[in-house]
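Q: Protein chains in written order, with the working numbering: chain A, 265 to 623; chain B, 265 to 623.
Source of the hints: derived by calculation from the structure; they are not laboratory data.
Incorrect hints may appear among the rest.
[Claimed, not checked] Residues of chain B placed beyond 10 Å of chain A at every Cβ, according to the derived structure:
id, residue
1, G340
2, G486
3, K512
4, Y582
5, P616
6, F617
[Unchecked claim] Here are the computed lysine to aspartate or glutamate pairs in the EDC-like style, where the Cα-Cα straight-line distance is at most 20 Å:
id, chain 1, residue 1, chain 2, residue 2
7, B, K466, B, E308
8, B, K352, A, D341
9, A, K429, B, D341
10, B, K357, A, D355
11, A, K357, A, D317
12, A, K429, B, E349
13, B, K552, B, E542
14, B, K512, B, E578
15, A, K352, B, E349
16, A, K506, A, E458
17, A, K552, A, D535
18, A, K466, A, E499
19, B, K461, B, D318
20, A, K357, A, D341
21, A, K461, A, D313
22, B, K461, B, D316
23, A, K352, B, E351
24, A, K298, A, E480
25, A, K357, B, D355
26, A, K614, A, D568
27, A, K512, A, D532
28, B, K429, A, D341
29, A, K352, B, D355
30, B, K429, A, E418
31, B, K352, A, E418
32, A, K552, A, D568
33, B, K429, A, E349
34, B, K357, B, D341
35, A, K429, B, E418
36, B, K352, A, D355
37, B, K466, B, D318
38, B, K506, B, D568
39, B, K517, B, E542
Bear in mind the structure is a predicted one, so any value in this text is a computation, not a measurement.
Backbone N, C-alpha and C fix where the C-beta goes; we use that ideal spot for every residue, glycine too.
Protein chains: 2
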Amino acid sequence: MELAYDQIDDLCRGAAFLGAGGGGDPYIGGLMIKRALQEGGKVEIIDPDDLDDDVLVIPTAMMGAPTVLIEKLPSGDEVLRAFAELEKHLDRKAFATMPIEVGGINSTIPMWVAARLGIPVIDADGMGRAFPEIHMETFGVHGVSGSPLAIANEHGDYAIVNAVKNQSLEWIARGIAIRFGGAAYIAEYPMSGEQVKRTSVKHTLTLAMEIGRRVELARQSGQDPFAAIIDFLPETHYSLGKILFTGKVVDVKRTTERGFTVGRVTIDGVDQGSLMIEFQNENLIARKNGQVLAIVPNIITIMDVETAEPITTEFLRYGQRVRVMAVSVPEIMTSPAALDLFGPQGFGLKEPFQPMIAD
Amino acid sequence: MELAYDQIDDLCRGAAFLGAGGGGDPYIGGLMIKRALQEGGKVEIIDPDDLDDDVLVIPTAMMGAPTVLIEKLPSGDEVLRAFAELEKHLDRKAFATMPIEVGGINSTIPMWVAARLGIPVIDADGMGRAFPEIHMETFGVHGVSGSPLAIANEHGDYAIVNAVKNQSLEWIARGIAIRFGGAAYIAEYPMSGEQVKRTSVKHTLTLAMEIGRRVELARQSGQDPFAAIIDFLPETHYSLGKILFTGKVVDVKRTTERGFTVGRVTIDGVDQGSLMIEFQNENLIARKNGQVLAIVPNIITIMDVETAEPITTEFLRYGQRVRVMAVSVPEIMTSPAALDLFGPQGFGLKEPFQPMIAD
Numbered sequence: 265m266e267l268a269y270d271q272i273d274d275l276c277r278g279a280a281f282l283g284a285g286g287g288g289d290p291y292i293g294g295l296m297i298k299r300a301l302q303e304g305g306k307v308e309i310i311d312p313d314d315l316d317d318d319v320l321v322i323p324t325a326m327m328g329a330p331t332v333l334i335e336k337l338p339s340g341d342e343v344l345r346a347f348a349e350l351e352k353h354l355d356r357k358a359f360a361t362m363p364i365e366v367g368g369i370n371s372t373i374p375m376w377v378a379a380r381l382g383i384p385v386i387d388a389d390g391m392g393r394a395f396p397e398i399h400m401e402t403f404g405v406h407g408v409s410g411s412p413l414a415i416a417n418e419h420g421d422y423a424i425v426n427a428v429k430n431q432s433l434e435w436i437a438r439g440i441a442i443r444f445g446g447a448a449y450i451a452e453y454p455m456s457g458e459q460v461k462r463t464s465v466k467h468t469l470t471l472a473m474e475i476g477r478r479v480e481l482a483r484q485s486g487q488d489p490f491a492a493i494i495d496f497l498p499e500t501h502y503s504l505g506k507i508l509f510t511g512k513v514v515d516v517k518r519t520t521e522r523g524f525t526v527g528r529v530t531i532d533g534v535d536q537g538s539l540m541i542e543f544q545n546e547n548l549i550a551r552k553n554g555q556v557l558a559i560v561p562n563i564i565t566i567m568d569v570e571t572a573e574p575i576t577t578e579f580l581r582y583g584q585r586v587r588v589m590a591v592s593v594p595e596i597m598t599s600p601a602a603l604d605l606f607g608p609q610g611f612g613l614k615e616p617f618q619p620m621i622a623d
Numbered sequence: 265m266e267l268a269y270d271q272i273d274d275l276c277r278g279a280a281f282l283g284a285g286g287g288g289d290p291y292i293g294g295l296m297i298k299r300a301l302q303e304g305g306k307v308e309i310i311d312p313d314d315l316d317d318d319v320l321v322i323p324t325a326m327m328g329a330p331t332v333l334i335e336k337l338p339s340g341d342e343v344l345r346a347f348a349e350l351e352k353h354l355d356r357k358a359f360a361t362m363p364i365e366v367g368g369i370n371s372t373i374p375m376w377v378a379a380r381l382g383i384p385v386i387d388a389d390g391m392g393r394a395f396p397e398i399h400m401e402t403f404g405v406h407g408v409s410g411s412p413l414a415i416a417n418e419h420g421d422y423a424i425v426n427a428v429k430n431q432s433l434e435w436i437a438r439g440i441a442i443r444f445g446g447a448a449y450i451a452e453y454p455m456s457g458e459q460v461k462r463t464s465v466k467h468t469l470t471l472a473m474e475i476g477r478r479v480e481l482a483r484q485s486g487q488d489p490f491a492a493i494i495d496f497l498p499e500t501h502y503s504l505g506k507i508l509f510t511g512k513v514v515d516v517k518r519t520t521e522r523g524f525t526v527g528r529v530t531i532d533g534v535d536q537g538s539l540m541i542e543f544q545n546e547n548l549i550a551r552k553n554g555q556v557l558a559i560v561p562n563i564i565t566i567m568d569v570e571t572a573e574p575i576t577t578e579f580l581r582y583g584q585r586v587r588v589m590a591v592s593v594p595e596i597m598t599s600p601a602a603l604d605l606f607g608p609q610g611f612g613l614k615e616p617f618q619p620m621i622a623d
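Let the sequences and hints guide you as you build the complete structure.
A: Structure follows, in structure tokens:
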């Protein structure tokens, strides 16, 4: 399918929801895609199941602190350079690009690359949401190396990184992104079509677009946008969505540690106790009066109680009236190997993973 | 000429002297070369003036904190990997390697590479002494790019860095070296034979070996090793050496800032006032009662008053009896463009460069 201009806002809205409180602002990327379409670019979104086994796919993304991005808008040349340098390093042209992360801004970057280079973007990603580090990928769970990775900045500087372990790749590339001023653009996890089909979380770009569309339709028709999401999810492999809590933000503790936004937020309900959510860029665990209601990798999103607009962890403020939703993630994200990488233990939480159960 | 086993200690002794208080311990590299020769390796040292214009030369080096190196001995595979990956990236085999820095350990690393790969090492370098940062090279003064640079660690991780400016290359590669644990191995400033001839400080490996040999001969025959150096230098393009001061270390202020050893040492003479030396890894400026006696890029080396063994800035201690020597550097290192990069202004000193004058 070809991306229509009026689907861009839907994509951004859905990507913000799937960002689980992090992932960076997709609207910046949305503006970039709009301009590319206005200039005659086209984005062909293709189903991963339609890929030939032996094509080369190179995912593209922003790497760094989302807060930096706001002050340092990408020209776009950075990510095209990273992409081109990785192709040159591999001595092979890529057939398509795709997201490594559907939540937040990284759903939009590959769309822009696709529009500019005239290549397709694949309707799949490697996180099925947003995570803070680039080794937290279903690709890696199933043995795909993130290396070689190309990273570029706005001055024309770039690097190719090869690491034995994906966790080292994250460590090294993160160091470069910091020296590049806190935000950089990457091309990495070069993969075959067969690997994409076997290791990705599928149909997540169209998922984001459909979530965004349903929320907008509900808003326009005066319906409940939360109900619109919850009603839609059973049609997808994100089978269950539910409202965890509604209340007022009464306390936000937030610091910046090792380049991440780390902290916790407390939300008081009218007469039903309080909900506490811990986060590291993304929301990790929600406890109501001490009892775990939802835990990573399931998606926890805090939204404005009126508009259902997601509120990212860096924009949480005292007094906000919010509704907290949780969404269960596809099976490929909850295998033991997946949980090792981006389940509770991957974030140093003591609580084990627990699947969501319908009320 | 082929490097003889008993020249290795001479090389290390001379390289420590040319380290100007920094540059890292050459004896670690010396041990590596000794083992390589024992295992049948040979090191052919060739004159830069004998190079064909169009051969490819790839310098090799250690990058990082010398203090880290002592606790993290190189296996050697790191630098061979950096060298091989840069060759692969350039899609061309190198004819030879060479040092970027003759002072300290980096005089020895390319010798080891030469022994292991069976390629020549060129009798020249890009600093003519030791400097703390990799953009402080006569190569760059004359327009040679340090990029692409390959950097590798002991785990098999590596990166290729391309920066528009050599100063950015230093910044980015330094960041990677820090994430690699504080010390890494690099191959960079890939150059043609013509560029080596035009931009390098020539005959510095044989200079180091001859300084080391003369000091050792003087020690063995009960002569003055300081006089041995001073008598030899007029035969070279490091035309002048002199003793600045003799005394006792009475104060050392030293901190670690941005990965560098920064501080100053005060030396009291018996009845001739005191000498103060400021350093950033290497000694930068020597003032006697406020008057500048020597300033970077001229070489200032603090040595044990008995043995003439150089004392690096991190080993300065209260009570040491020392003699301070200064050596003038070749013309290629004192052009206005060279001084911009590694003269007093390159280190943030207010004092202008002043050539050394014979007493």
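Q: Evaluate each hint against the coordinates.
A: Against the structure, the hints come out as follows:
Under the 10 Å C-beta cut-off, the non-interface status given to G340/B relative to chain A holds; the minimum distance is some 18 Å. Against chain A, the non-interface label of G486/B holds: every CB pair exceeds 10 Å, the least being about 53 Å. With a least beta-carbon separation of about 42 Å from chain A, K512/B lies farther than 10 Å from that chain, consistent with its non-interface assignment. Look at Y582/B: its CB is around 37 Å from the nearest CB on chain A, clear of 10 Å, so calling it non-interface holds up.
Consistency note on P616/B: stated as away from chain A, and its beta-carbon is indeed over 10 Å from all of that chain's, at 31 Å minimum. With a minimum CB-CB distance of about 30 Å to chain A, F617/B clears the 10 Å threshold, and the non-interface call stands. Taking the CA atoms of K466/B and E308/B, the gap is about 16 Å. The hint holds against a cut of 20 Å. Only pairs whose Cα atoms come within 20 Å are accepted, and K352/B paired with D341/A is rejected, the gap being roughly 26 Å.
Between K429/A and D341/B the alpha-carbon distance is near 18 Å, which keeps this suggested pair within the 20 Å criterion. Of the pairs offered as hints, the one joining K357/B and D355/A holds, with about 18 Å between alpha carbons and a cut-off of 20 Å not exceeded. Simply put, K357/A and D317/A have alpha-carbon atoms about 15 Å apart, close enough for the 20 Å limit, and the pair holds. With a C-alpha separation of about 18 Å, the suggested pairing of K429/A with E349/B holds against the 20 Å cut-off.
Restraint check: the Cα-Cα separation between K552/B and E542/B comes to about 12 Å, which is no more than 20 Å; the hinted pair holds. Proximity of K512/B to E578/B is assessed by CA-CA distance (about 16 Å); at most 20 Å being required, the pair is judged to hold. A hinted pair counts as satisfied when its Cα atoms are at most 20 Å apart, and K352/A with E349/B qualifies at roughly 14 Å. Taking the CA atoms of K506/A and E458/A, the gap is about 34 Å. The hint is violated against a cut of 20 Å.
Between the alpha carbons of K552/A and D535/A the distance comes to roughly 13 Å, so the proposed pair stays at or under 20 Å and holds. Using a Cα cut-off of 20 Å, the hinted pair K466/A and E499/A holds, with the two alpha carbons roughly 14 Å apart. Proposed proximity of K461/B and D318/B is supported: the alpha carbons are some 11 Å apart, at most 20 Å. With a CA separation close to 18 Å, the supplied pair K357/A and D341/A stays within the 20 Å bound.
About 6 Å separates the Cα atoms of K461/A and D313/A, which keeps this hinted pair within 20 Å; it holds. Taking the CA atoms of K461/B and D316/B, the gap is about 9 Å. The hint holds against a cut of 20 Å. Restraint check: the Cα-Cα separation between K352/A and E351/B comes to about 15 Å, which is no more than 20 Å; the hinted pair holds. Taking the CA atoms of K298/A and E480/A, the gap is about 18 Å. The hint holds against a cut of 20 Å.
Of the pairs offered as hints, the one joining K357/A and D355/B holds, with about 18 Å between alpha carbons and a cut-off of 20 Å not exceeded. Taking the CA atoms of K614/A and D568/A, the gap is about 30 Å. The hint is violated against a cut of 20 Å. In summary, the hint linking K512/A to D532/A is supported, as the alpha carbons are separated by about 5 Å, within the 20 Å threshold. Distance hint between K429/B and D341/A is fulfilled; the C-alpha atoms sit about 18 Å from each other, no more than 20 Å.
Straight-line distance between C-alpha atoms of K352/A and D355/B comes to about 11 Å, which keeps the hinted pair within the 20 Å bound. Proposed proximity of K429/B and E418/A is supported: the alpha carbons are some 13 Å apart, at most 20 Å. Note on K352/B and E418/A: the hinted pairing is violated, with a Cα-Cα distance of about 26 Å set against a maximum of 20 Å. About 19 Å separates the Cα atoms of K552/A and D568/A, which keeps this hinted pair within 20 Å; it holds.
Among the hinted pairs, K429/B with E349/A is consistent with the structure: their alpha-carbon atoms are about 18 Å apart, no more than 20 Å. A C-alpha spacing of about 18 Å is found between K357/B and D341/B, which places the hinted pair at or below 20 Å, so the restraint holds. For a cut-off of 20 Å, the pair hint linking K429/A to E418/B stands: about 13 Å separates their Cα positions. Restraint check: the Cα-Cα separation between K352/B and D355/A comes to about 11 Å, which is no more than 20 Å; the hinted pair holds.
This hinted pair checks out: K466/B and D318/B have alpha carbons roughly 18 Å apart, not beyond 20 Å. Between K506/B and D568/B, the direct Cα distance comes to roughly 15 Å. Compliance with the 20 Å bound is thereby established for this hinted pair. A distance of roughly 9 Å separates the Cα atoms of K517/B and E542/B; the hinted pair therefore holds under the 20 Å criterion.
The structure fails to meet hints 8, 16, 26, 31 from the earlier list, while all remaining hints are met.
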